[in-house]
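Start from chain A and add chain B according to the hints.
Line by line, the protein sequences give chains A and B.
The opening residue of the first sequence carries number 1 in the numbering used here; numbering runs sequentially from there.
The opening residue of the second sequence carries number 1 in the numbering used here; numbering runs sequentially from there.
Simulated from the structure, these hints should not be mistaken for laboratory data.
Treat the hints with caution; some may be incorrect.
Note: identical chains are not told apart, hence a pair may lie in one copy or across any two.
[As the list claims (entries may be wrong)] For lysine-lysine, the following DSS-like pairs were computed, each having C-alpha atoms within a straight-line distance of at most 27 Å:
(1) Lys221 to Lys128
(2) Lys386 to Lys26
(3) Lys182 to Lys240
(4) Lys26 to Lys395
Number of protein chains: 2
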Amino acid sequence: MMMNGKVIFVVLDGLGDLPVRELGWKTPLQHAKTPNLDYLADVGITGLIDIISPGVPPGSDSAHLALFGYDPIHEYPGRGPFEAAGYGFALEDNEVAFRVNFATVENVGKTLIVKDRRAGRISGEDAKELTESIKEITEIDGVEIKFAHTLEHRGVLIFKGENLSHEITDVDPHAINVPVLKSVPLKHAKNISAAEKTANIVNKWVKLVYEKLKDHPVNMKRKREGKLPAQIALPRGAGKRFSIESFSERWGFKPVGIAAGALYKGVARVLGFDLIDVPGATGLPNTDVYAKFKYAIDALKKYDFVFVHIKGTDTLSHKKDPLGKARFIEKIDNALEIIVDDIKRNDELTLLITGDHATPSKIGYHTGHPVPILIVGPNVRRDDIKMFNEFAVQKGGLGRILGQHIMQILLTYTGRALEYGLKVSSSSLRYIPHKWNALDF
Amino acid sequence: MMMNGKVIFVVLDGLGDLPVRELGWKTPLQHAKTPNLDYLADVGITGLIDIISPGVPPGSDSAHLALFGYDPIHEYPGRGPFEAAGYGFALEDNEVAFRVNFATVENVGKTLIVKDRRAGRISGEDAKELTESIKEITEIDGVEIKFAHTLEHRGVLIFKGENLSHEITDVDPHAINVPVLKSVPLKHAKNISAAEKTANIVNKWVKLVYEKLKDHPVNMKRKREGKLPAQIALPRGAGKRFSIESFSERWGFKPVGIAAGALYKGVARVLGFDLIDVPGATGLPNTDVYAKFKYAIDALKKYDFVFVHIKGTDTLSHKKDPLGKARFIEKIDNALEIIVDDIKRNDELTLLITGDHATPSKIGYHTGHPVPILIVGPNVRRDDIKMFNEFAVQKGGLGRILGQHIMQILLTYTGRALEYGLKVSSSSLRYIPHKWNALDF
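This is chain A alone, in the form it adopts within the complex (with noise of 0.2 Å):
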């Protein structure tokens, strides 16, 4: 029995998807030619992972601390800690922290409705310079206001200062043709006063941006040349610091992530994972997978569990792009050689491959539908089905199961997992220790 085994575990951003009319009432999954991807679901078993719970659409964040073995709905402080991990603010105890999105919006009065949720995904430059702007707004009310870009659209906002809640609602409506809204206490907010206090910031903060973006020399020009202005910025996703137990804690893996979207990052970081840059990886469609797939080989030398993040499959996804989403798949599938070449000599390694939820790319956006899974490795039940996609494996050995699950089944793939009830070690009850607390004769 192999024992201490590794794990690459490769996360393709909004895999799952529902058939659509111009690939023949397929999904792109079906539609990509994928010899890799169904070798490696004819000789492992497959599944259907439900990632939160049956029917509810993850986000990219909880998705991810589930598929990591936590618990999303009780070990989830919201989206923007993490923003700020993957940024590299690490937040203290009087601040908190929000996701925010560069976003285009029309003035109808005295409400604004927004059209697109990321400004024509506005980066570079542009994105630079409305960040020097907003950059401006240092304090509201006495509270301290830190803000930054981090990828495209995307950027983390901070407050700093006493008497702050993260239990408001977002000012992002996520969603077009809806108005921006205005931050509220949530319903069961244990401190009214402090999530009163915060929501009325937020709404002045967004006020604030709007009147330095509306009409920036960024956005003028932006409409010349035909592009989204980004006249706002909005929040969502309010929380605090919060302590979680490290991965290798939890799971007894030595971890290590590759992904180039601060989110991904961020999550990983916060977890504990060491990070590794990959030269030609964007987090966008013309990501060098290969490279991506040839250092997480390469990491396995130091690192006994390598995470692998692809955007692009979501990114194309978003972008309603079924056939590019078809095509990225191809170009994961082609570049997934070298990790098939590695599996068939190396006895050590157990290879997952799934998604953190369904972004069907005939509708745009994350929806509740279970992710196709396979694994590939030593200790696998191996079952019969022969292609990966997302009917093929409803048939699929693991059948259908939670994300938060997965993790204790890979400790049982690589001869990790400690029987229930065993108590060898005072930390871990779930994997066998890696050192022994011997008594002295």
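Chain B alone, transformed into the frame defined by chain A:
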């Protein structure tokens, strides 16, 4: 993308079954000719649901709570309050409600042995006359007593007074050839003296009822006619007034119910459903199923969630009449034509058909076998199952899921589910809000 889709939610009571010899070792659902159900299975997704939890035989009330997306363990107040609500009694804080069955007993010395828990499904004038006699009992030990007959052998009993408890055992043994039970406090009752007082009053009431009914002219007549007498009424499911989040608050749908049985109306009413009375709907196998489906389709104009309950499948199972059940299923299938026609034209409609529990017709009571389910709609991932029965759906694309997860899955299928972690409304965290709280600029 379809958003705010509508749902017809059909519950065939006691649908699940087991193979029976007289149908060539097929289940009634397998034996019945069901072209419409099979068509729906073909174009939709199928699976098995454990209504409460695997192997747990659901009660009809807890089963419907679970199907409507409530936790049947932590949000279940007991049977009595649902029966009361179904009849139209609004419970007050100092009241305890019971479900009651007319029953046939045999006196063996000082003990009554239950021979039929439904007194031959007594109904009509007979039940009415016996009810008049029971209603003469209006007070015991200073506690006010109300009784009402609902449908067939069923009734509701209400105690009103100070210091009453619902934490007492049932008088109904829920089995035949065993004694009528003495009600006593539950072992862990919070207020033992209140429970003792209430149990004593229940026991006194049952004895008084027996005195009134044992030689009642109605029962003499029934015996002469070869029918089972109803010499007693057996209370069970004591419960108090309770508050529960309404269905529309929890799921965002505007719901209506089409049901004839008091309990099903009661559950729906408690959860804030409107109710439609359909001419010809009886809650019995002679019911007009077609009329119920026709009213369901009409109701889609005003409502976006239509619950249709069909009781006959369960009644025939309790009667241990598998062939009758198969014939009744064929009647349902025939009537389904009108919904099948609609779903072919209506891109907004999602149709769900399932049972609330298994009542195997060779066993005659509720069992913990999982129940077949099918769902058809625009956002459903079709599977390759082409027949609707307990066996074919074992390989369905939904897999095996819990009853309480169905509503969240329907949010996904109707384009209403809110991404997990989003806070766009102060109260709802599950569905996309109908109204947006705009920020003024």
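If any of the earlier hints don't hold here, list their numbers in rising order. none
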